[in-house]
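Enquirer: Residue numbers (the UniProt record's numbering), protein chains in the order written: chain A, 1 to 326; chain B, 1 to 264; chain C, 1 to 295.
I should point out that these hints are in silico values taken from the structure, not numbers from a laboratory.
All the given hints hold, so there is nothing to weed out.
In silico DSSO-like cross-links for lysine-lysine, where the CA-CA straight-line distance does not exceed 30 Å:
1) B:Lys253 with B:Lys242
2) A:Lys19 with B:Lys76
3) A:Lys18 with B:Lys89
4) B:Lys130 with A:Lys19
5) C:Lys290 with B:Lys112
6) B:Lys78 with A:Lys26
7) B:Lys76 with B:Lys9
8) A:Lys35 with A:Lys19
Just so we're clear, the structure is a prediction, and the values are computed from it rather than from any experiment.
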Amino acid sequence: MEGIKSETEDKLKMDGIKKELRNPSKATHQDYFGKAISYICITLVGCLVLSILYFITTRGVATFTENHVNLWAFLSGTNWNPGMLDSHGQPEVGALPMIVTSFCVTVLAALVATPFALGVALFMTEISPQKGTRFLQPVIELLVGIPSVVYGFIGLSVIVPLIRHAFGGTGFGILAGTIVLFVMVLPTITSLSIDSIRSVPMYYRSASLALGATRWQTIHKVVLRAATPGILTAIIFGMARAFGEALAVQMVIGNATLMPHGLLTPSSTLTSQLTTGIGNTTMGTLPNNALWSLALILLLMSLVFNVLVRFIGKRGSMKNEFKSCK
Amino acid sequence: MQTYSFDQKHIIHIPTEKALTTENLQVFYGDNHAMHDASLEFPRYRITALIGASGSGKSTYLRCLNRMNDAIATVKGKIIYRDTNINSKKINVYEVRKHISMVFQRPNPFAKSIRENITFALRRNGIKDKQELAYRVENSLKSAALWDEVKDDLDKSALALSGGQQQRLCIARCVAMKPDILLLDEPASALDPISTAKIEETLKELRKSYTIIIVTHNMQQASRIADYTAFFHMGHVLEYDKTEKIFTNPQIKATEDYISGNFG
Amino acid sequence: MNSKAANNVATGVIYLLVTAVVGILIFLLGYILITGVPHVSIHFITSAAESFRAGGGIRDQLFNSLYLLVLTLIISFPIALGSGIYLSEYAPHNWFTGLIRTAIEVLSSLPSVVVGLFGYLLFVIKFNLGFSILAGAIALTFFNLPLLTRSIEESLEDVPNLQREAGLSLGLSRWKTITGIVFPAALPGILTGIILSAGRVFGEAAALIYTAGQSAPTVSYTNWNPFSAASFLNPMRPAETLAVHIWKVNTEGVTPDALQISSGASAVLIVVILLFNLAARFLGNWAFKKMTAAK
Ligand SMILES: Nc1ncnc2c1ncn2[C@@H]1O[C@H](COP(=O)(O)OP(=O)(O)OP(=O)(O)O)[C@@H](O)[C@H]1O
Ligand SMILES: [Mg+2]
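Isolated chain A (complex conformation):
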């Protein structure tokens, strides 16, 4: 009797388990729910980026489609005065001065910053990793942490007067912009260079040192060479930051939409023109559209920097694969 009872109980339990195995449970629904949430979030981010690209592009091309400004005239013209017409009855929207200035400050800042960045990176990786990480890591973090308006303010109250005293003129201009940007891109280039130098395998160094090379020879011939793609990437990231920096530059560049004649004359970058201008123009008019075209250039340049980084990354890894194949 007992045996039969427990047997039927067993059978019932077994049927229950079989059913559970076949049917969705709370866990299944939880999983759909979680997956849905995370997909929604990520799609949101994707849509956001797409709509940024879309909106800036549509506004940016209005200068050419609605106001019929010639693209070439826009890129190569040297007079920026969107409210006025030139002698041919064409609006004066030559963006070249801003483009040139933007590139000047960007390249100069990266050029100046790179040796310092490499110096710090080599110190932290090759010369004194312990002390370096202990003291220089916070230095880099603090430099990143200082907001750009503060950099701009110090540029305005220290660098500009200094230049004025030393070289005459107003003090505003590409030189002041370069100095401010140099400090701002320094931490970017440094920390990315550190990553790339750290990823050079240790045995490269030991092999070189074992062959009797000095530390500098090892750094110069082995470490830096192996880390070159990474360092280039670091420099491009730094340049991207410099190119897109707005307020700090705007505060020290002088904001004169003139072709720069040297490092000391006031001029204007794409970003500084944008920040100064957007608020003073009416939506939908040519002067406003022309500013959106500047924003479009900024956006496109940021994409170009992205592509460059990817390209270098690919080349770098291809070279390494080739090496390991050999």
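Once you have looked at the hints, place chains B and C with the ligands on chain A.
Expert: Chains B and C with the ligands alone, transformed into the frame defined by chain A:
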């Protein structure tokens, strides 16, 4: 390296009640055919050991049994549990894992207190009653032979335990779920001999109410605790029999070489 | 020159460069604190700004900065968490994931003015929100999302796979494994990431000048009704932040004590950001200790 034929196999059928059966189980990691045709029957309330050289597919096989390979591999063939093929898309894997639980090679307690390590999954499965939870904590820790060592600091972080204690906590965590079958993947390989002995004791005790399948590299361990033993070689199961048969009178050359240490 | 001498020269140059960089930082911090701190007083922090007279404070700007920060984090954290979970836990290896990763990279390298202008175009103009805290918080969210997402993704990925397997093998759903096991284990890293991003958001100005605006209307700090126009909590009012204020008094040049005000405000800004940095370190360590402690 000596090559062994895969055609000669010696695989017995289990006369008693079976807890789990696999039929023609095959596993592919992308193009890598890691498991060919494994057909085994596991007796209820017995310990079965899976032995074999490194890379022979023991973990691969074991992880299929509670569908832990779903995300990383393609698994073909049948896994029969309670008359149901659980290797099917339609099966609710979460239910499967409640009945077939797994302990891993390296101890992996949650970054929570000892108590929460055990109660966490229980709560998620709807057990909210405080007394029931306390009872399960105590019972599972006792059956994993850990209770005496930790009963006074159940609220301590589990990460502060020693490796052997952590592994026994992981066993307790599974036992608390009251599964049917316990899968263990080299549970003692990261542990010292004393902890290992404790875990073996634990397993022998658990055998009374659980079906246990354990992967081990340690021949002595297999012969000490297992009722049945399966020998894996390069993705094939070559021999499966009672443990004493495998260790005293293996039928297959590869098995013999492996257990006598003349392998490879 | 022999190699030994070259070695010494190079080492010397590296030391020189490092000294210069450290010198620059010391100068920057020293300048801000030495010129700024003397202007920071209770009065400075608790009184309203003045446009054309000397002696204005930064009360409203400071509050706006904090309020914007809180709103930004409230909006961006859930989205970043969801995206981070997608990237670290669910993302299959396919074109969609690749596209998303590229999109996030693009977003993180976009100049903040461009992000700000987008916010201006969409929210201030198209949706007619006007210059408002809400528009500013959304713009800052765009600015904050990529980095926060990435730091959350990294923290989640740092949790060993064994933890996920442990959860799954107990019959927990993937979602419960993530929220109940992986997320708590990643919490120290996530906290650090949030606080560091808070520092960035706090100092950001370019994304705000055309979204949250450049004016700080007088608000009542006793009016707790967020729908009332005069309430300090009203998210639809324009709100100049501390960083924007520094920029504005310097570029407009109508405030007689612009230099003093910017020094003081910069000092406050820097001190707050330093505190964020310290807090990030401290809280991260604390949470980690708490998690592994033998209590
Ligand atoms: N996640 C994976 N992806 C791809 N291949 C895998 C994966 N895991 C295991 N393999 C392959 O499957 C084969 C069997 O591996 P498995 O881990 O099952 O061996 P094992 O018998 O458990 O070995 P060990 O004793 O070292 O744990 C190996 O060839 C291995 O390379
Ligand atoms: Mg294994």
